[in-house]
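Engineer: Sequence:
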Amino acid sequence: MFKRNKHGIQLKTPEQLEKMRAAGLVVGRTLQLLRESVRPGLTPLDLDAIAEKAIRDEGAIPSFKGYQGFPATICASVNHEVVHGIPSDRRPLQEGDIISIDCGAILDGWHGDSAITVPVGEVDPKLTELMRVTEEAMWRGIAALTVGRHLSDIGHEVEKYVRSQGRYGIPQEYGGHGIGTEMHMDPWVANHGRPGRGPRFEAGMCFAVEPMVNLGTDRTKVLADDWTVVTVDGRPSAHFEHSVAVTDNGPWVLTALDGGEERLAELSGQAG
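Under full-length UniProt numbering, residues 1 to 272 are what the sequence shown spells out, in order.
There could be a bad hint or two in this list.
Claimed, not checked - Result set (DSS-like, lysine-lysine): computed pairs, CA atoms no more than 30 Å apart in a straight line:
(1) Lys19 - Lys65
(2) Lys53 - Lys65
(3) Lys221 - Lys126
(4) Lys126 - Lys160
What the hints assert, rightly or not - Simulated restraints on C-beta separations:
(5) Leu33 - Glu261: 35 to 41 Å
(6) Lys160 - Glu122: 19 to 25 Å
(7) Ser268 - Arg167: 26 to 32 Å
(8) Val232 - Pro125: 23 to 29 Å
(9) Arg56 - Asp225: 21 to 27 Å
(10) Gly269 - Ser37: 29 to 35 Å
These are computed hints drawn from the structure, not numbers from a lab.
Note that the coordinates shown come from a computational prediction; the quantities given were computed from them, not determined experimentally.
By construction, the Cβ of each residue, glycine as well, lies at the ideal position given by its N, Cα and C atoms.
Could you build the full structure based on these sequences and the hints that come with them?
Structural biologist: This is the structure we're talking about:
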């Protein structure tokens, strides 16, 4: 029913990519709304309600809710929580926090998946820099998604940039993934490693690129809820993610409102 390459990676037709773009835009617009909503006193559960309404109002379905038993529409990970935080109302957001918001939606059977990390009011400059480094590392990884390059080039570009910016931890167990008719598809996309390894990129492949970067150690643990991943040293972590299609014209960032044009043009100019 769906074309796959010799490595089993799903290849989308141009028409299918347009459907993925529609799903991606639902996620992108939802995250924009959530970014604007974050403020001290709001709880992660409040943000979850905003996200679910926004997704359903667009005729889409929250892809996280019920996924392997996950109880919410978004993952909301505060400060030392790396990923997969379950939204709750136990602790309102406070000035100086950072919160990672991971969001997914299904539209017409196709998935979009993206994440942002947002400051709550004024934050420590070290956290501002952590978020900048993580987001920039994501874009460096995205820029590697060109026809003919290799899967491991994503993680290599992510790691190379993070290491160039200081002493940060990159959790080794977590990374991105293929995406399409399912939210998580093969292959796994590492945020570290040597270049030039793994399958070559072909037009129609789609991947979620999602670096997580810690202010301290790369070591993590999972809490008793079996979902929330935290840093073992209790120091903060940031997380950014976009769903990206490989095309003959370069990467198409399906969950970015402008398709990634501005940032990719900037990176191309720097390379030139």
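Engineer: Could you run down the list of hints and mark each one as holding or not?
Structural biologist: Structure-based check of all given hints:
For a cut-off of 30 Å, the pair hint linking Lys19 to Lys65 stands: about 21 Å separates their Cα positions. For the hint pairing Lys53 with Lys65, the CA-to-CA distance comes to about 13 Å; that is within 30 Å, so the pair holds. The straight-line distance between the Cα atoms of Lys221 and Lys126 is roughly 23 Å, inside the 30 Å bound, and the hint therefore holds. Between the alpha carbons of Lys126 and Lys160 the distance comes to roughly 20 Å, so the proposed pair stays at or under 30 Å and holds.
Here the CB-CB span from Leu33 to Glu261 is close to 21 Å, at odds with the stated 35 to 41 Å. Here the CB-CB span from Lys160 to Glu122 is close to 31 Å, at odds with the stated 19 to 25 Å. Taking the beta carbon of each, Ser268 and Arg167 are about 29 Å apart, inside 26 to 32 Å as hinted. Range check, Val232 to Pro125: about 24 Å between beta-carbon atoms, so the 23 to 29 Å window is met.
Checked against the given bound of 21 to 27 Å, the beta carbons of Arg56 and Asp225, roughly 25 Å apart, stay inside it. Distance hint check for Gly269 and Ser37: the Cβ-Cβ separation is about 33 Å, which falls inside the suggested range of 29 to 35 Å.
Of the numbered hints listed earlier, those contradicted by the structure are 5, 6.
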